[in-house]
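Protein chains: 2
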Amino acid sequence: MIVLGIDPGTAATGYGVVTDHSGEPRGSLSLVECGVIRTAPRDGLSVRLCGLYDEVRAIIARHKPDVLAIEDVFYAKNVRTTVVLGHARGVVLLAAQQSGMRIAEYPPAEIKKTVVGAGAATKEQVQFMVARLLRLKSAPQPTDAADGVAAALAYLLTARVPRLERVR
Amino acid sequence: MIVLGIDPGTAATGYGVVTDHSGEPRGSLSLVECGVIRTAPRDGLSVRLCGLYDEVRAIIARHKPDVLAIEDVFYAKNVRTTVVLGHARGVVLLAAQQSGMRIAEYPPAEIKKTVVGAGAATKEQVQFMVARLLRLKSAPQPTDAADGVAAALAYLLTARVPRLERVR
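Going down the list, the sequences are from chains A and B.
First residue of the first sequence? That's 1 in the numbering used here, and the numbers climb one at a time after it.
First residue of the second sequence? That's 1 in the numbering used here, and the numbers climb one at a time after it.
Quick caveat, the hints were computed from the structure, so don't treat them as lab data.
Some clues are possibly wrong.
Lysine to any residue pairs mimicking SDA-like chemistry, simulated, CA-CA at most 25 Å apart [what the hints assert, rightly or not]:
1) K123/B <-> Q98/B
2) K64/A <-> Q98/B
3) K137/B <-> E33/B
4) K64/A <-> V47/B
5) K64/A <-> D54/B
6) K113/B <-> D72/B
7) K123/A <-> Q141/A
8) K64/B <-> Q141/A
9) K64/B <-> Q98/A
10) K64/A <-> G44/B
11) K123/A <-> T39/A
12) K64/B <-> L45/A
13) K64/B <-> M1/A
14) K123/B <-> L136/B
15) K64/B <-> K123/A
16) K137/B <-> P107/B
17) K113/A <-> R80/B
18) K64/B <-> V47/A
19) K113/B <-> R80/A
20) K64/B <-> G44/A
21) K137/B <-> S22/B
22) K113/B <-> N78/B
23) K64/A <-> A12/B
24) K64/A <-> M1/A
25) K64/A <-> D72/B
26) K64/B <-> K64/A
27) K64/A <-> L45/B
28) K64/A <-> C50/B
Which chain A residues stay away from chain B? Per the calculated CB distances, all over 12 Å, these [unchecked claim]:
29) S28
30) R38
31) P41
32) R62
33) G119
34) A120
The beta-carbon is built from N, C-alpha and C at its ideal position, and this holds for glycine as well.
Start from the sequences and build out the full structure, keeping to the hints where you can.
This is the structure in structure tokens:
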């Protein structure tokens, strides 16, 4: 199971690819790649969307993830920013759908709650828990990358619950 | 000069393709095609975005427009609806950018002002003026299609102004 987590943004989109080797007894979650897709603020929105789409397609081609776990963007305070984010999220969803991936969407607070245990966790707390859950020597940098990884973890940790319950 | 006008929506996206035969003495604007791209409400957002993207790409392949004229969506009252619209608009901008088209964006009121003469024009007034400017026997149906055509006309009528001024 390979999950691509994405924290969409227009200037910077964080992403993380996490695998779950379910066959192994423990420590089965591992980080494959994470980073940030940046687009140039001086470019027009359509040019930036094109760059974001191409990068996401390249990540999908590289790792062939089964699932896209992505933050919802319906909760921001500034309408204009949120709508621009909607554009970015639209091309990410398009790229995932074109590759036949399953798509899971989470409100930011739910991702934090699953990964850190608190819906109002700080970015630093998310970085810390991401590093801990994946046994990394240092936290993913910058925080956008950690947020992308956290989205992937939210899917994998949530998807595990029914499995554990069945074992009991 | 071929212009593709688009009025983005998630359920229904209106479009119109209009040409400007600048060499001809008068009546040089003509409608090539207009219609509505519909997606199924029962499908998930990503499936609908994929359908919209494919249809827009098909229209671009068919007519090879030079310009995309598209409504801004930053002015709606309902945030959630506007953000979902942002997703749709994102994949339309992506398709246009991938084809190297010039992109012109207009607030809805500016399109109405240019085509009808009043920023608060009704949908029926837009239909009427679209039919009149393009010498159509009947108004484009439904109103979404007329709104797509109106966006294309807004570009062509605005682009003409400097040309006329130079003639004077």
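Verification of the hints:
1. K123/B <-> Q98/B: violated (31 Å)
2. K64/A <-> Q98/B: holds (23 Å)
3. K137/B <-> E33/B: holds (14 Å)
4. K64/A <-> V47/B: holds (19 Å)
5. K64/A <-> D54/B: holds (22 Å)
6. K113/B <-> D72/B: Since the Cα atoms of K113/B and D72/B sit roughly 14 Å apart, the hinted pair holds (cutoff 25 Å).
7. K123/A <-> Q141/A: holds (11 Å)
8. K64/B <-> Q141/A: violated (43 Å)
9. K64/B <-> Q98/A: holds (23 Å)
10. K64/A <-> G44/B: holds (21 Å)
11. K123/A <-> T39/A: Given pair K123/A, T39/A holds - Cα atoms ~22 Å apart, limit 25 Å.
12. K64/B <-> L45/A: OK: K64/B and L45/A at ~21 Å, within 25 Å.
13. K64/B <-> M1/A: Answer violated: K64/B to M1/A is near 41 Å, above 25 Å.
14. K123/B <-> L136/B: This hinted pair holds, its Cα atoms lying about 17 Å apart.
15. K64/B <-> K123/A: violated (46 Å)
16. K137/B <-> P107/B: violated (28 Å)
17. K113/A <-> R80/B: holds (23 Å)
18. K64/B <-> V47/A: holds (19 Å)
19. K113/B <-> R80/A: Holds. K113/B to R80/A sits at ~23 Å (cutoff 25 Å).
20. K64/B <-> G44/A: Measuring from Cα to Cα gives roughly 21 Å; hence the hint holds.
21. K137/B <-> S22/B: Roughly 23 Å between the alpha carbons, so the hint for K137/B and S22/B holds.
22. K113/B <-> N78/B: Given that 25 Å is the threshold and the Cα spacing comes to 23 Å, the pair holds.
23. K64/A <-> A12/B: violated (32 Å)
24. K64/A <-> M1/A: Measuring from Cα to Cα gives roughly 10 Å; hence the hint holds.
25. K64/A <-> D72/B: Cα-Cα ~35 Å, so violated.
26. K64/B <-> K64/A: Violated, because 33 Å separates the two Cα atoms, which is more than 25 Å.
27. K64/A <-> L45/B: Holds, at about 21 Å.
28. K64/A <-> C50/B: holds (19 Å)
29. S28: Given a closest Cβ separation of 28 Å, the condition holds.
30. R38: The claim stands: R38/A keeps its Cβ more than 12 Å from every Cβ of chain B (closest is about 17 Å).
31. P41: P41/A clear of chain B: closest Cβ-Cβ about 17 Å, beyond 12 Å.
32. R62: holds (20 Å)
33. G119: Since the minimum Cβ distance to chain B is about 20 Å, G119/A lies beyond 12 Å and the statement holds.
34. A120: It holds; A120/A is separated from chain B by about 21 Å at its closest Cβ, greater than 12 Å.
Going through the hint list in order, the structure does not satisfy hints 1, 8, 13, 15, 16, 23, 25 and 26.
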